[in-house]
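Undergrad: Chain residues, written in single-letter form:
Protein chains: 2
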Amino acid sequence: MTIDEPDKLRVLGWQSGDPLLPRKAFVIGLLDNQSHLVTIDLESGRVETHEISSGSGYPMLTMEDVAAAVDAAVSYPGLEVSAAARGLSVANLSCISPSPGWFGPEEEGKRLLKVLCYSKQGTPNFYMRPLEGLVMTVDVDRREVIKFSDTGRGIPIPGGANTDYRFHPGNDPPEMNPINPISMEQPQGPSFTVTDGHLVEWANWEFHLKADQRAGFIVSRVVVRDSETGDRRSVMYKGFPSELFVPYMDVDEAWYFKSYMDAGEFGMGATAMPLVPLNDCPRNAHYMDGVFVSADGRPFIQPNMICLFERYAGDSAWRHTELTVSAELREARAKVTLVARMASSVGNYDYTIDWEFQTDGLIKITVALSGMLMVKATVHDNMNQIENQEETGPMVSENVIGVVHDHFITFHLDMDVDGPNNTFVKVNLVKEENLEGKTPRKSYLKPVRHVAKTEEDARVKLSLYNPSEFHVVNPSRRSRLGNPSGYKVVPEANAASLLDHSDPPQLRSAFTNNQIWVTPYNRSEQWAGGLLTYQSHGDDTLDVWSHRNREIEDKDVVLWYTLGFHHVPCQEDFPIMPTVAASFQLKPVNFFDRNPILRAHPVFEKDLPVCRPSESASAM
Amino acid sequence: MTIDEPDKLRVLGWQSGDPLLPRKAFVIGLLDNQSHLVTIDLESGRVETHEISSGSGYPMLTMEDVAAAVDAAVSYPGLEVSAAARGLSVANLSCISPSPGWFGPEEEGKRLLKVLCYSKQGTPNFYMRPLEGLVMTVDVDRREVIKFSDTGRGIPIPGGANTDYRFHPGNDPPEMNPINPISMEQPQGPSFTVTDGHLVEWANWEFHLKADQRAGFIVSRVVVRDSETGDRRSVMYKGFPSELFVPYMDVDEAWYFKSYMDAGEFGMGATAMPLVPLNDCPRNAHYMDGVFVSADGRPFIQPNMICLFERYAGDSAWRHTELTVSAELREARAKVTLVARMASSVGNYDYTIDWEFQTDGLIKITVALSGMLMVKATVHDNMNQIENQEETGPMVSENVIGVVHDHFITFHLDMDVDGPNNTFVKVNLVKEENLEGKTPRKSYLKPVRHVAKTEEDARVKLSLYNPSEFHVVNPSRRSRLGNPSGYKVVPEANAASLLDHSDPPQLRSAFTNNQIWVTPYNRSEQWAGGLLTYQSHGDDTLDVWSHRNREIEDKDVVLWYTLGFHHVPCQEDFPIMPTVAASFQLKPVNFFDRNPILRAHPVFEKDLPVCRPSESASAM
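Quick mapping for you: the protein sequence lines, in order, are chains V and E.
Position one of the first sequence corresponds to residue 1051 (this note's numbering), numbered consecutively onward.
Position one of the second sequence corresponds to residue 1051 (this note's numbering), numbered consecutively onward.
Don't take every hint at face value.
Which copy is meant is left open, so a pair is good if it fits within one copy or across any two.
[As the list claims (entries may be wrong)] Lysine-lysine pairs mimicking DSS-like chemistry, simulated, CA-CA at most 30 angstroms apart:
| # | residue 1 | residue 2 |
| --- | --- | --- |
| 1 | Lys-1488 | Lys-1197 |
| 2 | Lys-1503 | Lys-1476 |
| 3 | Lys-1197 | Lys-1496 |
| 4 | Lys-1511 | Lys-1414 |
| 5 | Lys-1414 | Lys-1496 |
| 6 | Lys-1160 | Lys-1492 |
| 7 | Lys-1481 | Lys-1511 |
| 8 | Lys-1605 | Lys-1414 |
| 9 | Lys-1488 | Lys-1260 |
| 10 | Lys-1160 | Lys-1488 |
| 11 | Lys-1488 | Lys-1476 |
| 12 | Lys-1503 | Lys-1074 |
| 13 | Lys-1197 | Lys-1476 |
| 14 | Lys-1492 | Lys-1197 |
| 15 | Lys-1414 | Lys-1160 |
| 16 | Lys-1656 | Lys-1160 |
| 17 | Lys-1414 | Lys-1074 |
| 18 | Lys-1074 | Lys-1476 |
| 19 | Lys-1414 | Lys-1503 |
| 20 | Lys-1656 | Lys-1605 |
| 21 | Lys-1160 | Lys-1476 |
| 22 | Lys-1511 | Lys-1496 |
| 23 | Lys-1511 | Lys-1492 |
| 24 | Lys-1260 | Lys-1197 |
| 25 | Lys-1496 | Lys-1476 |
If you're looking for bench data, these hints aren't it; they were derived computationally from the structure.
Predicted model, so just to flag it, every value in this text is computed and none were measured.
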């Protein structure tokens, strides 16, 4: 259940003081194996629309579904036998329920989960102790194991030594070279305000921030104040991680199906737990709760799910120094940003998602990965026993293979640069040659603007040797100089999916076939893997929508960007992986008339906090 | 003049208490247009070797060369005429002396500089007020203008309104939405020590840090302490920015030559000025001086050229949360890093270079760009006057074109992973197909290790759709599991040079033909564009060396990585550009037996500083 958003134009037209727009709920219900899509007017309490989905896929899994599947699996008699064959009882196991993907007709007509079990003996980090080759396919609605497969009885359960990652106060040895306490301090408090629990105002920015059970959190109505005029100018209507795709590169019976679409299957918000103060977010962070809905429709609170903080990381926002005849110029301005953060733990993996706002108009979106590898047990305990690289990943501990996998996170970015109607422009850097005689040079790069007329023009595979900038501009809003107002999406590190387009996981996650797409705004096209993602067949993806090849010039458009990671594990990822992060940016391009932070003031010593060590730290 | 480094093996063999190795100086002298390469034993004061360079190129330019060229240009009679034609006198001008590149035989046998002039009337930011089309070619040694070209008398000098970037205390208007004071605080002081002015020890790291007139700074003898054994383990012998390449994409008479190689031409250290406290570096920074040599051989001090500080940016080093039947697990560890930083102002542009050390063994190297665009004046003051995109960049202010250009920074990384002899291994992610019948999957990625035998195997053009990891491993040092100890270079955002390989600028900077190269260690191969870079013909580049195709397996190897930026300017870059940064990483891969920060302690409130607002801030 979620809000049934009012029509975008009505939202944009609404002003403070106007009567509230009708409040409606959107409910996805499951009844007799059918997905019901229902909108309800909350004022009248009446059903407004009711549709039964005719496409593939089921609603997001609930905690109850997961619990039911695990319950069915652990009470299945074969499990006791398999556990005993490995010297364990079922009570020693911790079982999890990954989604099954979708691999063909025999999986239709029922909701399935795969259940995998691990030994929890001696460690809270059971993920490092798989019962390899054991996989139970559970019919979630019938609460029944419909397939039991155990091909791994000869494979030992990895030992699990040194896998406990918890801090044990008083018992853990002192650190080898402890770092003196360091902290981001802001004793006058934060410079942002949060109104009505969701409207954030900071420096030149204003936006709405809302926890969402599926997306994690949604940033909307992003507005920046013009540095010259003070005018509030629209940048984005709505942005959020629309879908994930995490295919594992192992085709064994117990592995082939691992191709998660975590937002639509489990929910990035549903799996987000309270952030850990001082360690997930700094001391000056403000925390916000999520209000979610349980399977029976009752609301519940996910506390401290989002944190919001100002960051000063010691960098400069601009600088120049120069020694001239008359003077020494040394000018620099410290960079302070605002970060909105949440962290989802989708089973073993942790995804931390940041939206970072800079005073120069740039928005940086970062996805950081940590948590536990999904590992495979092997009979081998040394690489010298492994011939022909036949394992599907490197050995990361005795009997433990870190299976190679990818992560893709696709963002829905409904850009409204100075208004809804925008145009996507590729600025290609084209090599000009054949300059004979005119110049001693033989080549140079020329920026050539290419306006995307239809969706096809806006499908982009990034290439180092065919570089472009990717602008979303408002052709009706020209600067003093005649440049269209714009924002560009700036890729940084990235990875592409290389799977066959006909491979079922890739077909379902075909939104990763390109890194960039632009579609015309369509209220129903929010979720890149389809509204009903779980066990979907790939009939409602961004790729399908884009192939309608609609016109997108000077229209209300949505930009989609996919951030990818290839992960070849290594020993350092065991038993918990150091954070790996990648980012992309949304950056003003001829949006402001000039550098909007030209007039920022430098930092002076006299304004900075006065600090002393804590008594505890002094005593150390 | 610089240190003539002792033989690497003698350095590695030296231990504290041993007699010092012989101290020698390496002098590059210019006499009668010839470059003399001289080594001098400092103990005996005797010349040890003396060679006259037979290759192309001249030594790095000195401040005296630059001053001489500008002096010759401003006293050239034609300049007064050109200035007068624009309503100015020579006293109103500020002239700079970019390097001329090298474009053929007629430029041989003399040292040249191009002198360009700007109006400094009304602004310290003269870069925004070019006398377009005016270029003087100066013979530096004869102190004589040998070519005077003024093709731009009809082009107005841009007005320069709002280009002053200085802070004027008391006169500048208050900021629109000031941010409450925020600071990185560490009242017990830093956790690092600096011994003998250059040996840095922090957490598990130990390295030498030295200012260098050409490279900016050099990081050497990088050692990390093993998290299990406490052993000191070598990671890198020496790392530094070896050369830059900054080609402009305009082939006009006054522009074609702009293809700077800033390290070898002007020196990244020679152009580094004192960092601005609290704005370039945070309050807890420690500053280090550079000791350089002037043209006459006398030493001088470049104060506060390097800063070193611990950073806490509010991020976590690892995290996992989980709700299990028995307990709620919420574990996260705050990330604190050590940053070494310098900033060079090579004329208009500012390059800030960071080496950031993480406790998990990762080294992140970042180049940040700020400062002023090199702009071109135009008769147009609105984009609607410009047809067919005929300008060489976007209009960024009235009559000002921001010419498109690239920046490449090539790092010399003499990796010594657990010792000098290392092997470069590409771990290619190869798509496996044709799995019919064996699995419901149709494809997966398999990591395939490819050992580079010779230099040719190690020339890498990055490609999103042909992904690899790039490992430097020590084949003789295996982990408990049999994996070779290694570090990988991890690219992030990057850009490639697309110029013709035969274009003179590209020929001279052929080290940018690939993003990664590996060469066998050779004491004389330090500077990717050649030892004598200024006016070089490209006969002594990394590309030339690599094409000897030497063996590199299990040898002492040097890794070269090039970080690139395409810069299509925009209005926001005027009159000073907000910082743009890109990074790459050196990351342990099976170097540690497990996550080396598994046992890091969390941060507790009781240990953090106690802070109050300053009196100045409270009064605001």
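Undergrad: How would you classify Lys-1503 and Lys-1074 at a CA-CA limit of 30 angstroms: within, between, both, or neither?
TA: neither (35 angstroms within a copy, 66 angstroms between copies)
Undergrad: Under a CA distance limit of 30 angstroms, which applies to Lys-1656 and Lys-1605: within one copy, between copies, both, or neither?
TA: neither (51 angstroms within a copy, 55 angstroms between copies)
Undergrad: Between copies, within a copy, both or neither: which fits Lys-1260 and Lys-1197 at Cα up to 30 angstroms?
TA: neither (41 angstroms within a copy, 65 angstroms between copies)
Undergrad: Taking 30 angstroms as the upper bound on the Cα-Cα distance, should Lys-1160 and Lys-1476 be classified as within, between, both, or neither?
TA: neither (44 angstroms within a copy, 44 angstroms between copies)
Undergrad: Pop the pair Lys-1414 and Lys-1503 into one bin, within, between, both or neither, using alpha-carbon distances up to 30 angstroms.
TA: within (27 angstroms within a copy, 40 angstroms between copies)
Undergrad: Please sort Lys-1481 with Lys-1511 into within, between, both or neither, judging by C-alpha distance up to 30 angstroms.
TA: both (19 angstroms within a copy, 18 angstroms between copies)
Undergrad: Are the CA atoms of Lys-1488 and Lys-1260 at most 30 angstroms apart within a copy, between copies, both, or neither?
TA: neither (58 angstroms within a copy, 45 angstroms between copies)
Undergrad: Can you tell me if Lys-1511 and Lys-1492 fall within 30 angstroms by alpha carbon in one copy, between copies, both or neither?
TA: Cα proximity of Lys-1511 and Lys-1492: in one copy and across copies (28 angstroms, 22 angstroms).
Undergrad: Given a CA cutoff of 30 angstroms, do Lys-1160 and Lys-1492 count as a within-copy pair, a between-copy pair, both, or neither?
TA: This pair counts as between: shortest inter-copy Cα distance 23 angstroms, intra-copy 64 angstroms.
Undergrad: When Cα atoms must be at most 30 angstroms apart, do Lys-1197 and Lys-1496 count as within-copy, between-copy, both, or neither?
TA: Between copies, since 28 angstroms is at most 30 angstroms while 60 angstroms is not.
Undergrad: Using 30 angstroms as the alpha carbon limit, work out where Lys-1488 and Lys-1197 are close: within a copy, between copies, both or neither.
TA: between (74 angstroms within a copy, 18 angstroms between copies)
Undergrad: Have a look at Lys-1160 and Lys-1488 and pick one of within, between, both or neither, based on CA distance no larger than 30 angstroms.
TA: between (71 angstroms within a copy, 24 angstroms between copies)
When the structure is compared with the earlier hints, violations turn up for hints 9, 12, 13, 15, 16, 17, 18, 20, 21, 24 and for no others.
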